[in-house]
Amino acid sequence: LAKTTQPISMDSYEGQEVNITCSHNNIATNDYITWYQQFPSQGPRFIIQGYKTKVTNEVASLFIPADRKSSTLSLPRVSLSDTAVYYCLANQAGTALIFGKGTTLSVSS
Amino acid sequence: SQTIHQWPATLVQPVGSPLSLECTVEGTSNPNLYWYRQAAGRGLQLLFYSVGIGQISSEVPQNLSASRPQDRQFILSSKKLLLSDSGFYLCAWMPGGRVNTEAFFGQGTRLTVV
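Chains A and B, in that order, give the protein sequences.
Just so you know, we're using our numbering here: the first sequence kicks off at 57 and counts up by one.
Just so you know, we're using our numbering here: the second sequence kicks off at 17 and counts up by one.
Hints should not be assumed to be uniformly reliable.
[Claimed, not checked] With a Cα cut of at most 30 Å, we get these calculated DSSO-like pairs of lysine-lysine:
| id | chain 1 | residue 1 | chain 2 | residue 2 |
| --- | --- | --- | --- | --- |
| 1 | A | Lys110 | A | Lys125 |
| 2 | A | Lys59 | A | Lys125 |
| 3 | A | Lys157 | B | Lys96 |
| 4 | A | Lys157 | A | Lys125 |
| 5 | A | Lys108 | A | Lys59 |
| 6 | B | Lys95 | A | Lys157 |
[Unchecked claim] Listed next, the stretches of chain B that the computed footprint assigns to chain A, with coverage defined by at least 3 CB atoms under 8 Å from CB atoms of chain A:
| id | region |
| --- | --- |
| 7 | 35-49 |
| 8 | 59-73 |
[What the hints assert, rightly or not] So, partial list: chain B residues that the calculated Cβ filter (under 7 Å) puts toward chain A:
| id | residue |
| --- | --- |
| 9 | Leu106 |
| 10 | Arg114 |
| 11 | Asn116 |
| 12 | Ala119 |
| 13 | Phe121 |
| 14 | Gly124 |
Since the hints were made in silico from the structure, they are not lab data.
If you're wondering where the values come from, they're calculated on a predicted model, not measured in any experiment.
The C-beta atom is built at its ideal place from N, Cα and C for all residues, glycine as well.
Given these sequences and hints, build the entire structure.
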């Protein structure tokens, strides 16, 4: 199982772009990189997933370099409601989903 | 569409009492199922996962057990609760047999052992 490492916390202001980097040095060939967001007293919610290069959806972008040993979640123009814990996973189907400690993002006005 | 049901939402139990938390998934077949616990201010700890009926993998040795009596039913149990079992318990499912997929979580059970 690929272990992931993320910063424990990050601070930002409304309207700024936030980039959270995750390290997964021992990622396996079949692993996909998935990011989740969690608010207090709720289960994590899927944000974005990718295998390589760049993926973009309506809420975020995911950048994955060619060696796939890291990934960066980019949140454009964050708002107060983006204050949450963000988890990075490198996983494949049928295996344990290990969430780790995540990154606590605090957005201030 | 697929939905996941987890109950109860909150539970207060005395130390030494038994526990049974149930999770069911609708609208899919052969899902991968997961139980997590989250202590206050901490990350998600994977307790058990299952890729099929009767197939349970335990990630953390403790006084909890899990069972999957039916394809879309996952039960978390304890014979005697400890104070340290308090926390937020989450059930999740993923489509089975797929690589590029996401996990879907239930609403969680807030367990307080007193």
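The hints, checked one at a time:
{"no.": "1", "hint": "Lys110(A) - Lys125(A)", "in the structure": "14 Å, holds"}
{"no.": "2", "hint": "Lys59(A) - Lys125(A)", "in the structure": "11 Å, holds"}
{"no.": "3", "hint": "Lys157(A) - Lys96(B)", "in the structure": "28 Å, holds"}
{"no.": "4", "hint": "Lys157(A) - Lys125(A)", "in the structure": "19 Å, holds"}
{"no.": "5", "hint": "Lys108(A) - Lys59(A)", "in the structure": "18 Å, holds"}
{"no.": "6", "hint": "Lys95(B) - Lys157(A)", "in the structure": "29 Å, holds"}
{"no.": "7", "hint": "35-49", "in the structure": "violated (count 1)"}
{"no.": "8", "hint": "59-73", "in the structure": "holds (count 6)"}
{"no.": "9", "hint": "Leu106", "in the structure": "5 Å, holds"}
{"no.": "10", "hint": "Arg114", "in the structure": "5 Å, holds"}
{"no.": "11", "hint": "Asn116", "in the structure": "5 Å, holds"}
{"no.": "12", "hint": "Ala119", "in the structure": "6 Å, holds"}
{"no.": "13", "hint": "Phe121", "in the structure": "3 Å, holds"}
{"no.": "14", "hint": "Gly124", "in the structure": "6 Å, holds"}
Consistency with the previously given hints fails for number 7 only.
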